[in-house]
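Peer 1: Sequence:
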Amino acid sequence: MESSAGTLQSRQELREHYGGHSWEGGFPSRCHMELPRRQLAGKRVLDVGCRRGKGVYKLSELVGPSGFVVGLDWDADAVEAARAGIPGALERSGLTVCNMAFCKGFPEDLASAGIGPRSVDVAYLNASLALFADPPRALAECLRALVPGGVLVGEGVVAVPGTSRSSARTAVVEAARALGNAVQAAPMRPAFEALLAAAGFDDIVITEGSPVSPDAGRTAWESVPVVPGDDATYRLVALEARKPR
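Note that the sequence shown covers residues 1 to 245 in my numbering.
Hints listed in this document are in silico derivations from the structure and should not be mistaken for laboratory results.
One or more of the hints may lead you astray.
[Unchecked claim] Here are the simulated EDC-like cross-link-like pairs (lysine to aspartate or glutamate), alpha carbons at most 16 Å apart as the crow flies: (1) Lys58 / Glu91; (2) Lys54 / Glu91; (3) Lys104 / Glu80; (4) Lys54 / Asp77; (5) Lys54 / Glu80; (6) Lys54 / Asp75.
Put together the whole structure using the sequences plus the hints.
Peer 2: Right, here's the structure in full:
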């Protein structure tokens, strides 16, 4: 990505990064949940940055009673809210057994949250990677957690730069990361692909979708703070990449 947090080595640094932002507005933006076309029944899925669990509830329906979904988030309140919603989610889906769980942890340190190596078939990211403390390290952790041949899927945003110089674009990304605007913090598509490849993923497919506005919040009537002076445009993308066998 045009900007990264460098290599954050200590859990204290991770706590400071994630604890210093609320990100309740522009963090997810108005991104719909993008899922792979393949059948997810029976799969083990990890939702990284699950927030209050809405995506996990949907994934639990797709994996069914023979699959399992773990939602991970760094915010204790979000994790507790997600757990509290499990009974309602099971009632809506009609499942008679609980096939989901939530845990607190950092995307850059999945092991400390109990996510073992080669333990999941699918890792899911929803429009959040650009705001992680250390995106390369988070992707490396997703790779570690996946079984050989497992897939990383999700949705994000890519930037189409305007006429500003690259230094101006870098400044926008830095400011957007501090502000918590996941749209303006987005990388250009070549940088996104390079980041995935550097983490060790292959068979990378990034499918561009509709335009998205930097001020788009979680609902159609909500707007979020933006970094001024930004002439880039942004598009939603669906992501799929594979861990080599």
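Peer 1: For each hint, tell me whether it holds in the structure or not.
Peer 2: Going through the hints against the structure:
no. : hint           : result
1   : Lys58 / Glu91  : holds, 12 Å
2   : Lys54 / Glu91  : holds, 14 Å
3   : Lys104 / Glu80 : holds, 9 Å
4   : Lys54 / Asp77  : holds, 14 Å
5   : Lys54 / Glu80  : holds, 13 Å
6   : Lys54 / Asp75  : holds, 15 Å
Violated hints for the displayed structure: none, as all numbered hints are satisfied.
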